[in-house]
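Engineer: Here the structure of chain A is known, so what remains is to put chain B in place on it, guided by the hints.
Here the protein sequences line up with chains A and B, keeping their order.
Everything in the first sequence is counted per the working numbering, starting at 853 for the first residue and increasing by one.
Everything in the second sequence is counted per the working numbering, starting at 6 for the first residue and increasing by one.
Wrong hints could be hidden among the right ones.
Label pairs and their computed distance ranges (CB to CB) [said to hold, decoys possible]:
1) B:Val48 / A:Ala1171: 37 to 47 Å
2) B:Trp55 / A:Ser1347: 34 to 44 Å
3) B:Trp55 / A:Gln1363: 35 to 45 Å
4) A:Val1339 / B:Val48: 27 to 37 Å
5) A:Gly1344 / B:Trp55: 49 to 59 Å
6) A:Gly926 / B:Ala52: 51 to 61 Å
7) A:Pro1432 / B:Trp37: 37 to 47 Å
To give a feel for the contact side, a few chain B residues facing chain A, derived at Cβ under 7 Å [what the hints assert, rightly or not]:
8) Ala39
9) Val42
10) Ala43
11) Val47
12) Val49
13) Ala52
14) Gly56
15) Ser59
No wet-lab data here; the hints were simulated from the structure.
In this text the structure is predicted, and so the values were computed from the model without any measurement.
Positions of the beta carbon are idealized from the N, C-alpha and C atoms, including for glycine.
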Amino acid sequence: MLDSLLSLLAVFAILLCAYAPGRIAVRHAWSDLDPLTTVIWSMALGLLCGGLVLTLLAIAGLLDRVLIALVTIGTALGGAVLLYHDVCEWMAHRKSLPRLKPDTRSPVGLPGRGMLFGALGLALVALVTSLVSALAPPTAGDALCYHLDLPKTFLDAGGLHDLPYDENATYPLLTEMWYLWGLALNGGVAAQLMHWVAGVLLGVAAIELARPILGAPWSLLVGVVVWLVPGVSNQMTAPLNDVALAAFTTLALAAGQRAWMDAGDRRWYLIAGLMWGGAAATKYTALLFVPALVVVVAYQWYQCPGRRRELLLAMATVACVAISVAGVWYLRATWHRGNPVYPFMSDLIGMQGPAGHADKTPLGMAPLDWWTGAWQATMSPERFGGRGHELGPLFLALLPTLMFARRLRGQGVLLVLAAVYCVQWYVLRQNVRFMLPLVPIGAIGVVWMGVELRRLALWPRAIASAAVVAMLALGALFPLLRSRDKVQVALGIESRGDYLERNEPTYRAAQIANQIMTGDARLLSQDYRAFYFDCPVTRESSFRRRSHYDQQLKSPANLGRTLRARGFTHVLLAETVSGPGIQFDPTLRRLVDAASVADAQSAPLRLLAYEVVDTDGARRRYKLLALR
Amino acid sequence: MRRRLRQARRSVAAALLDAGDARTDEPTISGWRAWLVATWIVVVLGAYLWGIVSTS
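Okay, chain A solo, but in the shape it has when bound (with noise of 0.2 Å):
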């Protein structure tokens, strides 16, 4: 138990130490807004500045804990103090301060009273079990890869640096810098709640751009849709960067949206070009909504002549800004790669890529495969990323029907820039967990087309309702049945020692690993979750492809004395005994079997072999071996 506090603790002081100069700076920009609004845009814009800042620090080679530690301590003392003041100001004017008042912005009036508190208990059960999953140790395959192990290797570095055998390493990592932040804190749990904070953001996110459209009550309604989605609650356990992604583009389509509505304010336009510019710090797939901003701009082009100066000068503002904040991630790959969003498009560039790849698409590109393109995304998620990035089927049953649903202003505008992203998604990549920032938008279509059902007879209506209520009770049953295994680990009545040990395959190596390894020792492995050996941990594919030392081997036997000679201590061989998920390639495994037939004196010596059953279901075999 002490253990989750800490870890919350943690994250409590990042939040505070987020909040000081985000409120700053929004109470320097606005004095009028509301206390959702004011927390929203202050949390949102500090925690920028904290990645942002961490970022400086690593490129200048000045990450330090201790560092990090103090400077956070002593800004969330600040932020305390503010948050107290505002809570004071805000408790003290609160018959003053906005209402949710049936007569206003609202075509169809208040949500009932039930419907409310009974959709906001749904969406806190949802949140509370995903708080408690996201306590538990990280086990996401992703995660272990590079989500945590690059912070990890950068915080231990001291800065970032190139690692020439790790893909992910040159990907845009803004929010692997909150996780660095975390690390350099508590650790891995720390760091995983942060994903679970950007979750809570994408939800407010997602009510602060639906206020101006469905109005103040219901609009409540959309983040609690978005809480519900299952692929949300799911990624809020794990420390990906999906999630945070959609959080930045819905934060930047709300302030675009504010500035378009809000003519005259541009200040809205900078914050819009900074979440942008976080958004393409986050993760590559920020950038398929440039083309469809690009047919938003122009239809508003075409709309609006009176405005197009205003339009110019705000893609002025907004490329600017948003370059300035997410442009050193793509300097940096392009320094290193050769290719600003490297592997991807690697072809295209004429550069070598990583090899192997599987079929990202498996939609065609035949007129059914189109057309029933949603449909097989929700029914079968399995073959589009896997069932835990679902978006659950309230998509799918609403969105169709809001053509018998009377047209909101804001709505249409977000509907075509939604569909351009998705002829992008279906192009280029059908991940389910891509399709995670449009999930605001398609919320604000669930909740319209629910008020509209009002609009239906009787029986239809009373059939459709309990339907959608269905759905929204499996949104929340989800995130409550994964987190059945994890609250025993989140109480600290499980060790979270033991609890890696039921579920994550490459702990215990990790563990005789760390406590036998000296300070040169080098990992070469098979297997890409690195996060929990202590030591540099190279992957042994990457390093194949490049170096060809398989090639360069005269006899089987020189298998220890060439990967010394390039570095390594010890190998980690991983392989799937029987069950479906990733197959090593068995090159390694071979080498060291044909090592051990040509001289049992000189091959790798064994130290720990065991068998696990992974989290996909699989049977796995791994072996630790130190080289000789």
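Structural biologist: For chain B alone, coordinates are given in the frame of chain A:
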């Protein structure tokens, strides 16, 4: 009072809803359209639940 409230609601609706939408004033979605909406939602939910059960 009621009339003023109704007028206020209409003006809010006009502000939020797209101008020129011919269906704005329709009080209900009736007949086959209502049943189509309800049927589609139920079919999606049913197929989704079936997918979960059949893959678990």
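Engineer: State the violated hints by number, sorted upward, taking the hints as numbered earlier in the document.
Structural biologist: 5 and 15
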